[in-house]
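K.L.:
Starting from the known structure of chain G, fit chain R onto it as the hints suggest.
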Amino acid sequence: MSGWQLKNKTCIVGIGETQFMRWGRSTRSSFDLACEAISKAVADAGLNIHDIDGLVTYALDQNHVAKMATGLGLPELRYATFWPGGGGGTAAVIMDAAMAVHCGAANYVVCYRSLCQGQERRFGQAKPMDVATGEAAFTTPYGLVSPAQRLGLQVKRYMHEYHITERHLAAVALACNKHAQRNPRALMNGKPLTLETYLSSRMIVDPLRLYDCCLESDGACAIVVTTLERARSLKKKPVSILAACQGAGARQGEAPGDVNREGYLTANFYKMASDLYKRAEVTPKDVDVAQIYESCTGMVLMALEDFGFCGRGEAGRFVETGALEWPAGRLPINTSGGNLAEGYIHGLELVNEGVRQMRGDSTSQVQDAKICLVAGGSGAHLVSCMLLGRE
Amino acid sequence: MSRQTYLPQGLPLPFTGDFDTRDWWAFAGRHELVFQRCSACRTFRHPPKPICFNCGSFQFAWEPVSGFGTIYSFVIAHHAAHPSLKERVPYNIVVVDVEGTNGLRVAGNLINVVGQVIKIGTEVHATWEDISDGVALLQWVTAEQSSGNR
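Protein chains in written order, with the numbering used here: chain G, 284 to 674; chain R, 48 to 197.
One chain only, chain G, in its complex shape (with noise of 0.2 Å):
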């Protein structure tokens, strides 16, 4: 796809975010931890709170961008969405912020994502619901009702097809959790996985292990996003969003079979990858870091496929021989811990950590990182990814 106009227009200047815990963890409300990763955010951009004009968070966030806008005494809101899809929202949000702030619609605009499972519902157990309506009534009487069994049904036939082993799928884990125990922050750190815990832990819905499963999380994450040419008389040094893409590939459905989705053994990435490489006028080649959302390992492995840092099926492969881990991998994922074992702020800390990489200042520091992958929402009905470059 020829024609985007955002290259190097639109940047992030400023991140903020709450201390991750566990689910239930949390004795403040997610309004409050709200509050706090956006004034962190807009302090860390060296703004002042009644500067931001636009608010974009998404699904399943419980305070709403009017609640936020009206909470923070923002003076004007020029800018407001509510994007349609879970975790797939990561990267979307920025996308919409870029739109925004780069067709004058808004000045500086803040995504955020704020999660408290103990207080709201657990994202691994099924929705609270009487009946099962439209696609869930296909599905939620068959006990299929979390993501990580609808994940697994794909990761299985994909295991099947191309003759991934839970080698493979450990390594993702192992990686992310090494990852952590580099990061202060991260819920896993002190608490290193080997090989033997790993393949030691019980199934959760065979075959995703306790390890292959993200983390339930509490707490909150934001990103100010403006115009390049305004970031210039800003305190921080600006990551540059080179391009981004959200939406879906064919019938990736709704309710939690979509057993026939078009591309059942990928990510849902499989067709916006190459517009995200067009867009940004780079290729695989050229990515020194990744930030892929996982809430199960197994979507990891396609995402890789996806985005073309390995051929369709050879992920398993690609992932044995220490490719994804710091520092000597050929791509190092998820370098904070990411959502198996920073933290699942559904996804959005991920956004926060590849904006870290290309300042230099991960704590697992890609040496001389110009180009970091986000991808938000791996298998998700609705997906999104992103480039960020180091302006």
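Mixed in with the good hints, there may be bad ones.
[What the hints assert, rightly or not] Here are the computed lysine-lysine pairs in the DSS-like style, where the Cα-Cα straight-line distance is at most 30 Å: (1) K653/G x K518/G; (2) K410/G x K96/R; (3) K410/G x K133/R.
[As the list claims (entries may be wrong)] Stretches of chain G that chain R covers, calculated by requiring three or more beta carbons in the stretch to come under 8 Å of a beta carbon on chain R: (4) 404 to 412; (5) 429 to 440; (6) 487 to 498.
Hints in this document: simulated from the structure, not taken from any laboratory. Beta carbons are placed, not taken as given, at the ideal position from N, Cα and C, and that holds for glycine.
P.N.:
Frame of chain G, contents of chain R only:
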């Protein structure tokens, strides 16, 4: 009235009054296995929808199928993601490739298999579980133990 079903009562029941899907549930209630098929391009689709994803036609018919299928994928759920399943885990969830539909797949349970002996590619046959009055769930049994005839 107690019912013998693969999963215990307590999971949300399917809402069978949805305008897009109620006709399928009416067939299911009578234990008739049909799928929606586009009258223009002949593509099968499921769950039911008003428009064909392939050609955009609104015209369709409910077409009976043989009832055979093969296991395309499966998982064994060990963690109870719903409170009603706490005493029931582990249980299986299967994806069945439905014969004669050009690759239409449905989710279900393989209800005559105990333990973890399921294999991808196993031939299965449709069966029905009456889960509440007038509401039946499409389910699957291994083909050699089914009453289905070729």
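K.L.:
Taking the numbered hints from earlier one at a time, note which ones the structure violates and give those numbers from smallest to largest.
P.N.:
Of the numbered hints, all hold.
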